[in-house]
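A.B. asks: Next come the chains, spelled out residue by residue.
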Amino acid sequence: MRVMATAMACSVITACGAGGADSTDSTDGSAAAGKADASATVRFSYGVGTSSLDPHLASSSYDVAVLDLVYDRLVSVNAKGELEPSLAESWDYAPDGKSLTLKLRQGVKFHDGAPFTAEVVKDNLERAQNLEGSRAAGDLTRVKKIEVTGEHEVRIDFSEPDAALVGSLARATGMVVSPKAFDKDLAREEAGSGPYTVDKYRPNSRIVLKRFDGHWADNAAAAARIIYEVQPDDTTRLNGLRAGEVDLTVLQEPQIAGAKNAGLTLEIKSTYGFVHMQLNRGRDFFADERVRRALSLAIDRDAIVEGVAFGHGTPAYQLFPEGAPAHDPGIEPDSFDPDEAKRLLADAGHTGLKFEAVTPTTHQNYAVAVQGQLADIGVDMAVKVVPNTQLIDTFYVQEKGDAIVTPVGPRPDPSQTFETFFAKDSVLNVGGNTPPETEGLLADARETVDEKERIEAFHKVSRLVAEKTLTIPLVHPVTVVATTDQVLGAQVQQLVVPVLRGVGLRAG
Amino acid sequence: MDLLRVLGRRLPAMAVLLLLVTIITYSLVLFIPGDPAVAIAGEEATAEEIEETRHALGLDRPLPVQYGTWVAGAAQGDLGTSLYTGEPVGGAIADRLPVTLSLTAGAILVALLIALPAGMIAATHRGRLADRLATIGASFGVAAPGFWVALMLVVVFALWLGWLPATGYVDPGVSIIGWLSHLILPSIALGLVPAAELTRQLRGAMIEVLDQDYIRTAYAKGLRGGAILLRHGLKNAASPVVTVFGMQIAFLLGGSLITEQIFALPGLGQLTVRAVLENDLPMIQGVVVVSALFVLLANLAVDLSYGYFNPKVRAR
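Order-wise, the sequence lines are chains A and B.
Everything in the first sequence is counted per our numbering, starting at 1 for the first residue and increasing by one.
Everything in the second sequence is counted per our numbering, starting at 1 for the first residue and increasing by one.
Simulated from the structure, these hints should not be mistaken for lab results.
Backbone N, C-alpha and C fix where the C-beta goes; we use that ideal spot for every residue, glycine too.
Treat the hints with caution; some may be incorrect.
From the structure, some residues in chain A lie toward chain B, with a derived Cβ separation under 10 Å [stated by the list, open to error]:
id: 1; residue: Asp139
id: 2; residue: Arg142
id: 3; residue: Thr149
id: 4; residue: His152
id: 5; residue: Ser159
id: 6; residue: Ala187
id: 7; residue: Arg188
id: 8; residue: Arg206
id: 9; residue: Gln231
id: 10; residue: Arg242
id: 11; residue: Ala303
id: 12; residue: Gly307
id: 13; residue: Asn388
id: 14; residue: Tyr396
id: 15; residue: Gly409
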């Protein structure tokens, strides 16, 4: 079966609209009615910056907020989380899934004048694989060879089928660097083809971006300049917005009421991100699925949404929310049943269980809420707050703490999320101990190229995770995009990371 | 010259002190939890990639070797590069230092503008209303949490009244007015505690001085009140006050961290907080050295000033 990215086979996994899709952002539902002032400067304030301007060294999904402005990707993602053509106008998998052919956009130029060609794509993918310290190499482990098969066409050959590769090309992995810059140190200097160039860059503090007039998309640079300020303090960002010193920022749930009272424009939407309590299945008490299920049953997710998130967000019983392709509508949510939870714990011989959960400073309220609910069934969960930057080292590497209550950012392809948490060698699959069928199901999801069958494969993984309670999803939180009433084109992104292409200020 | 002799003795001592500070800072790393290589490698790194990152950053070398390399570089003016962003530590600090210095200078100015008059008035009106008010005010200044004062200033003057900006910093090269207006609220927020401390110190010192015989003599000679106050009173009361002032410098550096965060000032504060949370050792070291140098220089200035205020104790 050929999977063609044409207008007919449009689905939420592979995108539609081969050719002619000049805009890189979707225009539905945004406050984009009205024209943008072409000479305006948009001031954006966000909690994280980027550690490097080299896309293949970007170690966090949030780096894309900046990198997307100066680099183009082969594939992009719209506000609904759907993959869309970008530098690759269309893509086809071979029927056996062992190769992927990309048809490339023409007429694209890098900021330094170099032309975008099929050769450039091949060189970039090889750079992503081979650059010392490359963070993108992990996405390309199944890529055996890249061949230029036409003037604007490239074929990627896999060692094993990789249906998730298109999603990987929608991350920093798929960003293309100018061939003239391969020898340069790009940590603080960009060499992209995106709608903006970097005018001034102070790492983790402030980036000033200027429109690049030669960009191929008509409206990707709606503002002439973007000033991206890194401001980790939520209150300071809100104050800046209220005082008119900032045009656009992302806020947290507790600030919604205050922002509304101040007359700011808010878009509040639930996204593909989730907060979960992940258990270290290496601990003997968590190796028992009855114990895991008991904890899940003891948690009143509605109460958490009400109490911790001020009524915003939706309870999560699977990793993916309704509407996402990997969400299996056939899974019965674990209803809140503390009595059944106590019974299961007693069956497993773990009544009066004691353990320690770590949590980042930003999400301690979730941990404390869970702690209270577990206390009601006689489970003593201690909460240890750890700074965000030390979380991975503390819980996943040193395995201090038996559980973690933490948010997870969504990735463009469901396989990436599943494999991060449940694949055998993944660092985040702490404690291992996954059921024997896990590897097979993950492989199916990764290797099935036919869309419908792949969705089925996703559902099977979701079902396994839910039935064996491999982790305890809690909530799909909302993302709150706050702006003045002058801002156009800003939208909540299903993949959470802010997108500034197409964001501008009202004209007149 | 006296001054040169003093400097000749003090500067080497300062250098030794700085070295000691750097050794202590490096050793602290042994006690701070967290492994920078893991965080730098990113959320999806495999164990191998983490090791590669560790090696690439030189973090697998023994601590004394890492320290030795750093000192050798620092002696030549190279403070190393950030583990996270690769930017030169010296450059990052140089970029942000002017902001922090502006804020500190502003806070000092606020402190002096409040403390000098308040302290003197309190001393000369001892026991009366003005004194009570000054004392209460000073107690409030010391007791009120700095971040709360800062936030109240933002709410009242920036958000309600709209008189001053709530956040941000403007380079004086771009606009002097902008630079000043963005520094007013933060300087007040940061300067209140030193103002309070100085008011109390000055009041106490001046009361003591004004009781002295030579003051009565000056009045008897017919000198006017103002001249007596300033030339004889203040100058002689200055020594203990200046000492406290020197101690406040260290406070100002630390307090600037929170103030910078609340007012979104891109100074050393943000840099330091991030560096500490991320275990970015070269950056931490750089900031500590610069801060220590600053404090040492401030205290040297304080010591030298004694000679001006009181010739009897001119530093030898």
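A.B. asks: Could you run down the list of hints and mark each one as holding or not?
C.D. replies: Now for the hints, and whether the structure bears them out:
| no. | hint | verdict |
| --- | --- | --- |
| 1 | Asp139 | 9 Å, holds |
| 2 | Arg142 | 15 Å, violated |
| 3 | Thr149 | 30 Å, violated |
| 4 | His152 | 31 Å, violated |
| 5 | Ser159 | 17 Å, violated |
| 6 | Ala187 | 4 Å, holds |
| 7 | Arg188 | 6 Å, holds |
| 8 | Arg206 | 6 Å, holds |
| 9 | Gln231 | 5 Å, holds |
| 10 | Arg242 | 6 Å, holds |
| 11 | Ala303 | 29 Å, violated |
| 12 | Gly307 | 25 Å, violated |
| 13 | Asn388 | 8 Å, holds |
| 14 | Tyr396 | 8 Å, holds |
| 15 | Gly409 | 8 Å, holds |
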